[in-house]
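Please put together the full structure from these sequences, using the hints given.
Going line by line, the protein sequences match chains V and A.
Residues 1 to 335 (the working numbering) make up the first sequence, in order.
Residues 1001 to 1332 (the working numbering) make up the second sequence, in order.
Worth flagging that the hints you see were computed from the coordinates, not collected in a lab.
Errors might be hidden in some of the hints.
Here are the simulated distance ranges between beta carbons [what the hints assert, rightly or not]:
(1) Asn-1036(A) with Gly-167(V): 38 to 46 Å
(2) Thr-98(V) with Lys-1246(A): 25 to 33 Å
(3) Pro-1087(A) with Ser-280(V): 15 to 23 Å
Stretches of chain A that chain V covers, calculated by requiring three or more beta carbons in the stretch to come under 8 Å of a beta carbon on chain V [as the list claims (entries may be wrong)]:
(4) 1096–1107
(5) 1218–1224
(6) 1244–1252
(7) 1264–1272
(8) 1306–1315
Below 35 Å or equal to it, Euclidean Cα-Cα: the simulated DSBU-like pairs (lysine-lysine) are [to be verified]:
(9) Lys-89(V) with Lys-1079(A)
(10) Lys-1246(A) with Lys-258(V)
(11) Lys-1148(A) with Lys-255(V)
(12) Lys-1246(A) with Lys-89(V)
(13) Lys-24(V) with Lys-1148(A)
(14) Lys-144(V) with Lys-33(V)
(15) Lys-92(V) with Lys-1311(A)
(16) Lys-1311(A) with Lys-99(V)
(17) Lys-1079(A) with Lys-144(V)
(18) Lys-1035(A) with Lys-33(V)
(19) Lys-1048(A) with Lys-24(V)
(20) Lys-1275(A) with Lys-99(V)
(21) Lys-1318(A) with Lys-92(V)
(22) Lys-1191(A) with Lys-255(V)
(23) Lys-46(V) with Lys-27(V)
(24) Lys-75(V) with Lys-1246(A)
(25) Lys-1311(A) with Lys-144(V)
(26) Lys-1246(A) with Lys-92(V)
(27) Lys-1200(A) with Lys-1246(A)
(28) Lys-1191(A) with Lys-89(V)
(29) Lys-15(V) with Lys-1035(A)
(30) Lys-1048(A) with Lys-92(V)
(31) Lys-92(V) with Lys-1200(A)
(32) Lys-1124(A) with Lys-89(V)
(33) Lys-1318(A) with Lys-144(V)
(34) Lys-144(V) with Lys-1246(A)
All C-beta atoms, glycine included, are put in the ideal place defined by N, C-alpha and C.
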Amino acid sequence: MSVLFPCQEIGSLRKPAWLLDYVKHNKVSEEDKERARNDAAYLNIKLLEDIGLDVVYDGEVRRVEMYEYPIRHVKGFIFAGEVRSFDNKYYKKARCVTKVALKNNYHLNEFLFVKANARKAVKIPITGPYTLADWSYNEFYNSKEEFVMEMAREMIRPLIQDLVKHGARIIQIDEPAMTTHQSEMRVAVDAINECTKGIDAKFIVHICYSGNEYRALIPYAMDIDAQQFALEFANRDTWNLGLDDDSRRGYRVLKEFKEYGYSKEIGLGVVDVHVDDIESPELVRDRIVYAANILGAENIYVNPDCGLRTRSRSVAIEKLKVMVKGTELARKAFE
Amino acid sequence: MGKGKDKDVEASIEVENYAVGIYPRSQLLVTATRKNHPNLAELFRKGKQSWINVQRRAGLTYVADPMIDWDDIFRPFAKVKGISLGPLNRFFETNTFYRRLIVNDALDGYGSIARSMLALDLMKEDRKVASLPDPYTFSMLNENRYYKSYEEYLFAVADMLNAEAKALAREGVEIIQLNAPSLAYEFSNGKREVELALIKDAIGRVKKGLKSKIYLYPYFGNVAGIFDELLDMKVDGIGIDASSTKLTSIVDYNIDKDLVIGIVDAMNTRLEEVKSTASALHFILDRMDVKHVVLATSNSLEYLPYRFAVKKVSILGKITRLLNAKQKGLTP
Chain V
1 MSVLFPCQEI GSLRKPAWLL DYVKHNKVSE EDKERARNDA AYLNIKLLED IGLDVVYDGE
61 VRRVEMYEYP IRHVKGFIFA GEVRSFDNKY YKKARCVTKV ALKNNYHLNE FLFVKANARK
121 AVKIPITGPY TLADWSYNEF YNSKEEFVME MAREMIRPLI QDLVKHGARI IQIDEPAMTT
181 HQSEMRVAVD AINECTKGID AKFIVHICYS GNEYRALIPY AMDIDAQQFA LEFANRDTWN
241 LGLDDDSRRG YRVLKEFKEY GYSKEIGLGV VDVHVDDIES PELVRDRIVY AANILGAENI
301 YVNPDCGLRT RSRSVAIEKL KVMVKGTELA RKAFE
Chain A
1001 MGKGKDKDVE ASIEVENYAV GIYPRSQLLV TATRKNHPNL AELFRKGKQS WINVQRRAGL
1061 TYVADPMIDW DDIFRPFAKV KGISLGPLNR FFETNTFYRR LIVNDALDGY GSIARSMLAL
1121 DLMKEDRKVA SLPDPYTFSM LNENRYYKSY EEYLFAVADM LNAEAKALAR EGVEIIQLNA
1181 PSLAYEFSNG KREVELALIK DAIGRVKKGL KSKIYLYPYF GNVAGIFDEL LDMKVDGIGI
1241 DASSTKLTSI VDYNIDKDLV IGIVDAMNTR LEEVKSTASA LHFILDRMDV KHVVLATSNS
1301 LEYLPYRFAV KKVSILGKIT RLLNAKQKGL TP
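Take a look at the structure:
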């Protein structure tokens, strides 16, 4: 991108209350529900563009969430019930009971809508094969590796191929589970490469809340067929201003990326999506400048740590605005 | 059972069982907690009674409070003076998160926290089992900002758990299982930095003066390589998560403690085949020199959806009954 420190979102925004009420209503026709979803998607696209992001999507406004939604569109799975993620938060978990196969391109309509309505660059987020397998119960395949690779070959690769055929140029593969099992990193890497090999598009891998500050990822990062890793850092950083290692402790791990010869882009998480407190533009600036000093300004993209659906829409908007303001300050610092 | 033991004595020793730890909430409770239902306490109590009934129907030897009102295995200890709540952290390699506790001051004001969170009054007629985190896991997964040395911190945690365990013992809890995932996980991944001798001392402090049996249950990792050291721990029983540690790898040990075998996989919905599992256990136990065996789930059932957890408890009961019949020669 021509602009320094391009700003992007990671994916989800909280759905507007009116949309949730509307689509739940029994008397509303499917056609009208779809119109409402289109309205919400359009508003999100324009909201993100107006805030000043350089790369946008629709806030994943049509998706239930990142696991259940794709699994609904794959043969071989049966939902088993809800499992707790933390406190009173749950997600539906499915059992893989037969060979997996993609039923249909479940992101096509939403992608075509965004493509038709966005003026900025479009980045479509999709959940990756390793995470989908890891968050499921495997009752069919003989090994985790077999399961993951089959998900890559039979589900995600055909999905990506079809999206690219319809004009997708930037695809973000969400793999929050990727570094969870450090002994399985090779499997996760091979799965992503299986999905992307020979496909002409820009690939970004998003990983978050891995618990080991990406140290499991670092040795493999250059082996993965992706141009960018969009990662979470703000969650582990201090709120003190400054460019010293102590103030920027959440970003210190970037030095290890550098030492390993990492030369790709980083999507730098600069706002914490798990707290309502709003970062200052100066804090965002310092986080960007610190990272740019390590990896080179041309390699830094700016984004929230993760999707902002965990926050109210008003907090999410404020965080994105601050992110853009902080990025402008960082650009000035590098002029 | 066991090599060289008198057959009549063998026949008299029943294999026992339990399923301890955090159980999943029913859909009713999931919805109620999401909506912060005004009668949540009453709903939790009913939910506990329901799980207790499931355990009774399955014929489990020891009944456990299902801990459905525990947000994670550490959260109740946030009430201890000197501890505050920290950020969310992933619990090992699961997709479940816990809140890290921060130790800011000398630990104090403990001794009835776990007891107050367990509905022991619903289990008056039952033989009871309960679980606590082991001091090592507690110390590693939470954060010390007060004690000058790791040893001081670890022992303070152990003393706290000792007081908690004593309160449970006074209420008639016969077995207290110390859940020790850090021990197994770190050993399995070559990451343990703390000497086992220090951990042994800490676990000994938890056991000190306690009338209940203390079982140490390492899970989430293969412990075959430290099994002899585990046998040296000052506890009454040692556990093996059979999905991580092969029973064949410990078959040659003279096990002079109770052996808990986490035979029912609590991480996968795939249901164990009762006959083949009981036969395999019968075959292997016949080759082991072990004092007493307790079958269990591989870890907390909270990683399974509710109805699969119910099935797993039932399967645990069935495997145990069939195994006991085999041990007594009542079935081939």
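Structure versus earlier hints - violations, ascending order: 5, 6, 10, 13, 14, 17, 31
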